[in-house]
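Put together the whole structure using the sequences plus the hints.
Here are the chains, one letter per residue:
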Amino acid sequence: MFKRILYLVGIVAALSGLMAQANSDVQSDAFHDGLILLADNHADGGATLSEEVPVAMAEAEPALDSGDTAWMIMATILVIMMSIPGLALFYGGLVRAKNMLSVLMQVFVTVSLMSILWAIYGYSLAATEGPLNAIYGGFSALFLSGIDDTTMSGTIPEYVFMTFQMTFACITPALIVGAFAERIKFSAVLLFSALWLTFCYVPIWHMVWGGGFLSQLGAIDFAGGTVVHINAGVAALVGCILVGKRMGYGSEAMPPHNLPFTMIGASLLWVGWFGFNVGSELAADGTAGMVLANTQLATSAAVISWVMLEWFSKGKPTMLGAASGAIAGLVAITPACGSVGPMGAIILGLIAGVVCLWACTGLKSMFGYDDSLDVFGVHGVGGIVGAVGTGILMAPSFGGVGYDDGITMGGQTTTQIIAVLVTIIWTGIISVILYKIVDGIVGLRPSEEEEREGLDKTTHGENPYNTQP
Amino acid sequence: MFKRILYLVGIVAALSGLMAQANSDVQSDAFHDGLILLADNHADGGATLSEEVPVAMAEAEPALDSGDTAWMIMATILVIMMSIPGLALFYGGLVRAKNMLSVLMQVFVTVSLMSILWAIYGYSLAATEGPLNAIYGGFSALFLSGIDDTTMSGTIPEYVFMTFQMTFACITPALIVGAFAERIKFSAVLLFSALWLTFCYVPIWHMVWGGGFLSQLGAIDFAGGTVVHINAGVAALVGCILVGKRMGYGSEAMPPHNLPFTMIGASLLWVGWFGFNVGSELAADGTAGMVLANTQLATSAAVISWVMLEWFSKGKPTMLGAASGAIAGLVAITPACGSVGPMGAIILGLIAGVVCLWACTGLKSMFGYDDSLDVFGVHGVGGIVGAVGTGILMAPSFGGVGYDDGITMGGQTTTQIIAVLVTIIWTGIISVILYKIVDGIVGLRPSEEEEREGLDKTTHGENPYNTQP
Amino acid sequence: MFKRILYLVGIVAALSGLMAQANSDVQSDAFHDGLILLADNHADGGATLSEEVPVAMAEAEPALDSGDTAWMIMATILVIMMSIPGLALFYGGLVRAKNMLSVLMQVFVTVSLMSILWAIYGYSLAATEGPLNAIYGGFSALFLSGIDDTTMSGTIPEYVFMTFQMTFACITPALIVGAFAERIKFSAVLLFSALWLTFCYVPIWHMVWGGGFLSQLGAIDFAGGTVVHINAGVAALVGCILVGKRMGYGSEAMPPHNLPFTMIGASLLWVGWFGFNVGSELAADGTAGMVLANTQLATSAAVISWVMLEWFSKGKPTMLGAASGAIAGLVAITPACGSVGPMGAIILGLIAGVVCLWACTGLKSMFGYDDSLDVFGVHGVGGIVGAVGTGILMAPSFGGVGYDDGITMGGQTTTQIIAVLVTIIWTGIISVILYKIVDGIVGLRPSEEEEREGLDKTTHGENPYNTQP
Amino acid sequence: MKLISAIIRPFKLDDVREALSEVGVQGLTVTEVKGFGRQKGHTELYRGAEYVVDFLPKIKIEVALEDTVLEKALSAIETSARTGKIGDGKIFIQPLEQVLRIRTGESGESAL
Amino acid sequence: MKLISAIIRPFKLDDVREALSEVGVQGLTVTEVKGFGRQKGHTELYRGAEYVVDFLPKIKIEVALEDTVLEKALSAIETSARTGKIGDGKIFIQPLEQVLRIRTGESGESAL
Amino acid sequence: MKLISAIIRPFKLDDVREALSEVGVQGLTVTEVKGFGRQKGHTELYRGAEYVVDFLPKIKIEVALEDTVLEKALSAIETSARTGKIGDGKIFIQPLEQVLRIRTGESGESAL
Ligand SMILES: Nc1ncnc2c1ncn2[C@@H]1O[C@H](COP(=O)(O)OP(=O)(O)O)[C@@H](O)[C@H]1O
Ligand SMILES: Nc1ncnc2c1ncn2[C@@H]1O[C@H](COP(=O)(O)OP(=O)(O)O)[C@@H](O)[C@H]1O
Ligand SMILES: Nc1ncnc2c1ncn2[C@@H]1O[C@H](COP(=O)(O)OP(=O)(O)O)[C@@H](O)[C@H]1O
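Same order as they appear, the protein sequences are chains A, B, C, D, E and F. Under the numbering used here, the residue at position 338 of the first sequence is numbered 338, and the numbers go up by one with no gaps. Under the numbering used here, the residue at position 87 of the second sequence is numbered 87, and the numbers go up by one with no gaps. Under the numbering used here, the residue at position 277 of the third sequence is numbered 277, and the numbers go up by one with no gaps. Under the numbering used here, the residue at position 50 of the fourth sequence is numbered 50, and the numbers go up by one with no gaps. Under the numbering used here, the residue at position 42 of the fifth sequence is numbered 42, and the numbers go up by one with no gaps. Under the numbering used here, the residue at position 76 of the sixth sequence is numbered 76, and the numbers go up by one with no gaps.
In case anyone wonders, no lab produced these hints; they're calculated from the structure. Hints should not be assumed to be uniformly reliable.
[Said to hold, decoys possible] Sample of chain C residues facing chain B (criterion: CB under 10 Å; computed from the structure):
1. 67
2. 116
3. 284
4. 461
[Stated by the list, open to error] Not the full set, but computed from the structure, chain A residues with beta-carbon under 7 Å of chain C:
5. 67
6. 69
7. 105
8. 109
9. 112
10. 140
11. 144
12. 150
13. 157
14. 159
15. 405
16. 409
17. 425
18. 428
19. 465
[Unchecked claim] No farther apart than 30 Å at their CA atoms in a straight line, the calculated lysine-lysine pairs in the DSS-like style are these:
20. F/85 <-> C/316
21. F/2 <-> D/34
22. D/72 <-> F/85
23. F/85 <-> F/72
Since the structure is predicted, the reported quantities are computational estimates derived from the model, not experimental observations. Note that CB positions come from ideal geometry on N, CA and C, so glycine has one too.
Laid out in structure tokens, this is it:
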């Protein structure tokens with residue numbers, strides 16, 4: 001416990017000193033056996049490296065398993081479907097018609113750009129070993145050098161693992177755009193995404209999954225509660241505050257322009273999320289089956305709890321509520337899905353639905369920020385519920401897989417909270433800096449005239465719907 | 001044959017006596033070896049248990065096959081995509097704009113609720129052995145107790161099998177909502193679905209796939225012709241009659257509000273249905289390949305026959321006809337896909353397209369019921385065509401896999417008809433009771449004012465499309 | 001080189017003589033070991049048969065691999081999703097609202113019809129050995145005779161291979177309809193598709209993948225750059241010229257009626273294309289992983305280059321540009337994905353985005369044809385970029401897999417160009433004839449009145465959107 | 001000649017059209033509009049944010065007619081469009097100086 | 001001043017606008033409407049159920065103009081919108097008492 | 001009585017409605033229209049093909065009112081709808097002979 005607080009202090013110190021000495025604090029004794037281990041490590045939700053090293057050493061190089069590979073190829077494809085068209089439609093349906101294409105475009109092009117950056121340097125900096133290993137990986141796989149069709153990552157080809165992780169790097173920055181939708185420059189989105197991938201996503205990935213200091217602490221994040229959702233949620237909150245409110249926010253009605261698109265998007269996110277969560281097992285095995293069941297149950301439970309709370313409190317159960325509940329449940333189960341049992345998943349989902357509804361209404365109006373599509377309320381808050389809930393609901397008494405030897409519920413939960421706080425602090429601070437840089441270079445916000453006319457026309461020169469005769 | 005009629009009489013008697021003695025009639029000599037067997041049994045399309053028991057006994061516990069598991073995880077995901085967004089859009093596009101969200105919502109929330117109920121008690125009552133084993137399973141897997149990430153069901157983790165079957169339990173009640181779309185209370189849909197799952201879906205599942213009496217009879221239902229489609233189709237017919245016609249039905253035009261959505265829905269149903277049908281093999285093997293081909297061919301054939309009949313009889317081939325034909329073909333091949341050959345599949349599809357078109361027009365107008373989205377015409381009638389057609393087209397002369405030793409075409413077809421009739425009678429009677437119960441508790445139908453204004457606004461407080469400036 | 005030109009002359013001669021003696025020119029020495037080999041051959045991107053025969057001979061009949069089978073079932077399903085709803089929506093969103101359903105319908109019913117024709121004779125003529133083996137296969141698998149659930153094609157069931165290839169035969173003719181969208185008779189589409197499948201698709205398939213003369217030449221077409229994209233693109237160009245321009249083309253604005261649908265379609269094409277490209281490996285192995293990465297990277301790169309060029313040259317980056325860029329990248333990487341490395345894929349994508357944008361604007365306006373949805377500009381030109389680019393970028397210096405012993409970059413590239421020219425000439429000439437035949441039998445073009453009113457109303461008797469109260 | 005514009009409830013359109021046909025009106029033009037008046041709107045909810053929707057969907061029917069049919073047409077609309085609840089709508093009567101039929105160039109009452 | 005409202009076929013909109021520009025009309029306002037008249041509708045088919053669609057899509061063009069341009073404008077519309085088949089539409093001419101330009105507050109003919 | 005039709009910018013609708021309420025106008029009817037005038041359109045780009053869009057989205061507000069409120073209503077609209085840039089729109093004033101309230105059959109000013 002004391003040691004954990006030390007780490008926390010350490011990382012804050014590291015941040016203030018702009019990462020210069022972060023390295024010396026924690027890197028010391030860990031040895032990181034490259035990608036095979038990485039895959040195991042990821043699959044085990046970040047169990048400490050020290051335990052695993054000997055095992056990995058003893059094992060022969062695992063052979064390619066065609067079943068695992070088949071599943072991981074599909075999982076990769078499913079995560080792509082989450083972003084396009086899933087996330088794009090989920091977000092697009094919620095904005096006003098005049099900004100529909102701008103949102104679709106931001107997601108579509110961000111995904112494309114992140115793919116390329118991930119291949120060029122992202123994967124290397126995240127998933128290899130480097131001089132600043134507590135926080136960043138190294139440069140050995142720049143331009144994917146050293147990888148070919150025979151390189152393995154556990155029982156699957158490394159190309160598959162790399163591409164699977166690429167899809168995570170695509171969707172995470174795309175999540176953020178919901179926060180300042182309808183009032184952001186397209187160039188700002190692209191520039192910010194590129195910077196944010198480099199300075200927030202990659203280091204948190206490395207800290208949690210790549211053998212960095214949070215994985216050594218024993219933080220569990222099966223499929224990305226901290227790396228993806230809290231990370232994106234915090235950047236979103238910072239973004240919507242720095243960019244400022246939409247013109248007319250609070251006085252004009254800004255209803256979703258096409259809820260059926262939002263429902264399609266939510267459904268495809270749900271469907272694709274199985275790639276995200278079950279895929280994070282990196283194999284088609286018994287744990288994968290458990291993750292499959294957990295993901296479906298937590299999501300369903302969150303739909304029910306969000307809708308019921310709306311029904312009882314406002315008198316009407318809404319389709320947008322059901323869709324939002326689904327995403328909240330998916331977010332919350334993401335870190336937990338490899339550790340809790342099905343009934344624990346249901347409990348987590350029920351809680352996530354209620355808490356995220358409150359975050360999108362009560363919390364938001366309390367502070368008055370304009371998070372257009374509730375990225376923080378759903379991903380940030382849902383991610384926190386999931387990350388902390390993992391520590392509790394993985395207890396055998398809730399049907400979970402139980403703790404590692406010598407770890408108590410309190411201990412694990414504290415570790416989880418530390419990982420959450422590190423993510424919030426790191427991303428919170430760095431994001432502020434990055435938004436300022438972007439504002440300086442290309443500017444964040446379009447002119448009032450452009451915002452009023454809608455970004456589709458003014459930025460993209462297109463009109464989403466042309467039904468005139 | 002005589003014995004079969006006895007069974008039929010028995011089940012009717014059982015029903016009148018409210019299931020009290022159903023048990024004693026048929027349970028007698030069967031012994032049911034739990035889940036491993038279940039899986040085999042399902043895969044074999046309901047071959048009688050007596051044959052399989054010794055084999056299953058003799059076999060060692062099969063090991064996990066990562067290829068089969070990979071495929072079954074995907075199949076599960078595909079069936080989820082069938083419901084959301086597939087079915088939801090297929091239905092949603094067909095109603096008037098003012099009820100769009102109500103339909104999306106009914107499907108979305110029904111799916112969520114059924115998931116949870118299946119995990120809590122549905123799976124146990126369907127797939128384990130119980131005191132009323134001819135009809136219902138037992139309570140040993142309540143809350144999924146006894147299942148963990150090492151429990152197997154054949155070559156796949158039991159969690160995967162359980163979740164795969166969960167998705168069937170999700171979509172089946174959701175199919176029914178098409179029959180009384182545009183004029184049903186949301187609370188009635190949820191309550192009816194929960195009751196119907198418990199008293200119609202679970203017992204028919206157990207009878208046909210869970211070692212109950214229809215599987216002992218030798219009825220073949222590879223992927224759910226009776227369990228899913230006839231079952232839902234009959235409940236739909238009963239429902240639309242009891243709920244009554246839509247206001248203005250017959251006098252006002254009620255054209256589909258968005259056929260492109262219906263086309264997307266039909267396409268995703270088609271795509272997802274491979275999970276449904278090929279997944280029911282529970283393995284990635286040669287039979288799975290055959291099912292894949294059969295599903296594609298029957299569906300295509302039904303598209304062609306529906307469209308051609310429209311073209312010749314009404315002068316215009318319609319997009320809605322093509323989409324409806326696809327669903328009709330998919331329904332019809334569902335029970336047959338593991339037994340017929342590709343040319344048999346084409347024949348079955350051609351027949352299904354023509355018969356279902358007639359059922360949605362001639363039959364419906366003959367009796368004058370308002371089955372809003374033709375659930376009975378497509379799923380009920382298509383299911384019957386498929387179930388009976390299986391008995392005939394599985395003959396080697398049609399390229400099918402042939403009959404079990406000692407079974408003739410006539411014999412098998414009679415068995416198929418019995419299974420169809422049992423399903424119709426069981427679900428017909430129980431559904432009437434359930435609708436009455438629901439009507440008593442929450443009421444089935446919204447007020448006239450609410451129906452006229454549209455359920456989106458009045459029940460859900462939302463508007464699907466907001467394109468005003 | 002000289003030999004290659006001889007082949008080219010040979011094929012042109014064969015064409016003029018209406019295929020009568022094509023056979024004698026090239027069939028001579030090749031021996032073709034049926035389907036197992038075929039699968040290998042396809043997977044190897046058309047490496048010469050002579051090398052492989054001994055290996056294939058020596059190997060025992062490969063056993064079914066459940067992982068490979070699982071992946072290939074999914075790949076098949078993904079390719080179906082590319083056509084419906086993917087391609088249908090991509091195209092449908094681009095036409096005017098009054099022709100929306102006609103486009104959806106043309107794609108949907110073409111897919112259905114091609115499925116059946118492929119099962120009846122297409123597969124046999126393409127994938128077996130025949131008397132005209134340089135160009136066509138034989139009749140041994142008519143009606144799929146000889147195939148059952150135990151027949152294998154490599155490590156997967158032959159039924160799976162056959163159905164996978166069926167989905168290619170479905171989407172290829174469907175691609176063509178974009179060229180003459182909004183002004184074609186529905187009956188003409190169906191008749192032309194059936195003829196074109198028989199006289200263009202099947203022979204090119206056999207030439208390139210079925211042991212025909214182009215595969216013997218050593219042309220590499222991993223997943224269908226020539227067979228699918230150039231083939232369809234050329235037929236499209238011929239078609240739009242012969243059918244003539246849309247009424248009002250050039251004077252009236254014809255903006256896309258629903259760009260969000262186009263974006264959904266493009267996204268699902270992207271997602272499904274992994275089935276197309278990675279599936280063409282016919283296994284879940286290391287090469288499959290490489291194809292996965294290459295496909296994602298080339299597509300992303302083409303999105304970026306198309307959008308950037310638009311942005312710099314016209315001042316606005318458009319959503320339609322991003323979607324079109326994605327398709328251009330996908331097309332270009334299709335033949336190359338098994339031979340180039342990830343950085344080569346990025347280069348190819350960057351080039352494809354720029355060249356195809358020019359083809360859809362500069363080239364098209366230079367010649368003044370009305371290729372409604374730019375099928376030639378994207379598929380034809382993109383396919384050529386990819387096929388030729390394969391020859392260059394597969395060099396080890398670009399990170400590619402390198403050439404076969406004794407083959408130089410110049411040699412391979414020449415072979416690629418020959419394969420492209422053969423496809424262009426074959427399909428160019430035959431398509432003209434087929435369009436004339438179709439024009440003679442059912443007529444190509446609807447009346448002016450019908451075209452003005454829109455094909456939805458006049459041909460299909462439906463209206464896509466009915467939002468009136 | 002007069003031009004009447006009637007604002008009615010959308011679901012009454014078919015009734016009104018039939019009633020007008022019965023009194024001899026042969027043509028009319030319909031526009032989808034939004035009305036604001038005494039009739040109360042409803043509340044919509046999007047993630048807990050409540051919007052009051054004041055503009056309600058209405059249908060505007062425009063009919064050009066001879067003075068002699070005016071009374072009958074007005075009472076046809078009134079009867080067929082009335083529900084008795086707030087929001088039934090209004091009828092506006094304006095002078096119409098001239099009508100032309102584009103197809104034939106006819107003008108005046110014969111152009112109706 | 002007069003206010004003319006012309007109901008025309010949708011695909012004639014561009015022609016009519018050009019014809020009006022040529023006679024000096026500088027502004028106009030367009031509404032999508034549905035028309036019911038002598039022109040026969042068509043039948044739509046949804047799963048065998050046939051619906052007769054009587055209301056056909058039309059375009060309403062409203063133009064405010066000085067009395068002096070009236071004749072030229074009318075004949076410009078008539079010529080450019082005519083196909084000679086039933087359903088070409090009507091032109092209604094109404095008195096216009098006053099026009100204001102919101103931007104400047106100008107009124108009367110200078111506001112047109 | 002008068003019928004005023006104001007063509008305004010869409011985003012000004014709420015302001016105008018409020019301004020009219022303040023001067024006592026109790027009801028109005030709104031139509032989505034497209035306007036063509038001095039205000040320049042914009043260019044749209046579809047795969048490199050450029051289309052000039054001349055018809056811009058506008059809102060038409062129709063208000064029937066007593067002669068006594070006319071002046072106040074006109075200036076309420078002018079003030080609330082003005083941005084000072086080209087394209088602010090016009091107000092047309094027409095005579096209104098009669099108004100009927102469908103629900104009650106009332107006519108004249110009490111029907112407003
Ligand atoms: N002064 C007015 N000018 C124009 N349209 C009006 C006016 N007053 C009412 N309307 C229209 O009539 C509709 C019905 O009016 P409302 O006051 O709600 O009920 P009622 O007609 O029963 O008095 C409104 O929605 C609006 O479209
Ligand atoms: N009396 C009328 N009042 C208002 N609109 C009318 C009237 N008669 C016709 N129209 C409009 O004119 C259109 C064309 O009229 P129609 O009778 O079909 O053909 P035509 O103009 O050739 O006589 C109709 O669709 C309708 O919109
Ligand atoms: N003569 C006219 N008749 C009918 N509507 C007009 C006329 N002139 C302008 N309008 C309408 O007014 C709108 C604004 O006019 P415009 O000339 O663009 O700017 P302004 O109102 O500032 O002069 C146009 O878009 C059109 O809808």
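Double-check residue 409 of chain A for me: the hint is only fine if its C-beta lies closer than 7 Å to a C-beta in chain C. Check failed: Cβ of residue 409 of chain A comes no nearer than 38 Å to chain C, outside 7 Å.
Is the hint on residue 284 of chain C kept, meaning its closest Cβ partner in chain B is under 10 Å away? 8 Å, holds
For the hint on residue 150 of chain A, just tell me whether its beta-carbon gets within less than 7 Å of chain C. At about 5 Å, which falls below the 7 Å cut-off, the nearest Cβ of chain C leaves the hint on residue 150 of chain A intact, so it holds.
Interface hint check: residue 67 of chain C, Cβ to nearest Cβ on chain B, cutoff 10 Å. Holds or violated? 4 Å, holds
Agreement of residue 85 of chain F and residue 72 of chain F with the hint, judged by alpha carbon distance not exceeding 30 Å: 23 Å, holds
Quick check on residue 157 of chain A please, does its C-beta sit within 7 Å of some C-beta on chain C? 3 Å, holds
Taking the least C-beta to C-beta distance, is residue 116 of chain C closer than 10 Å to chain B? 5 Å, holds
Residue 69 of chain A as chain C interface residue, shortest Cβ-Cβ below 7 Å: Where the cut-off is 7 Å and the nearest Cβ of chain C is about 4 Å from residue 69 of chain A, the hint holds.
Let's test the interface hint: is any C-beta of chain C closer than 7 Å to that of residue 112 of chain A? With a minimum Cβ separation of about 4 Å from chain C (threshold 7 Å), the hint on residue 112 of chain A holds.
Would the pair residue 85 of chain F and residue 316 of chain C pass a check requiring their Cα atoms to be no farther apart than 30 Å? 25 Å, holds
Min Cβ distance, residue 425 of chain A to chain C: is it shorter than 7 Å? This interface hint is violated because 32 Å lies over the 7 Å limit.
How about residue 405 of chain A: closest beta carbon in chain C under 7 Å, or not? Nearest chain C Cβ about 34 Å off; hint violated.
In summary, the structure is inconsistent with hints 10, 15, 16, 17, 18, 22 from the numbered list given earlier, while agreeing with the others.
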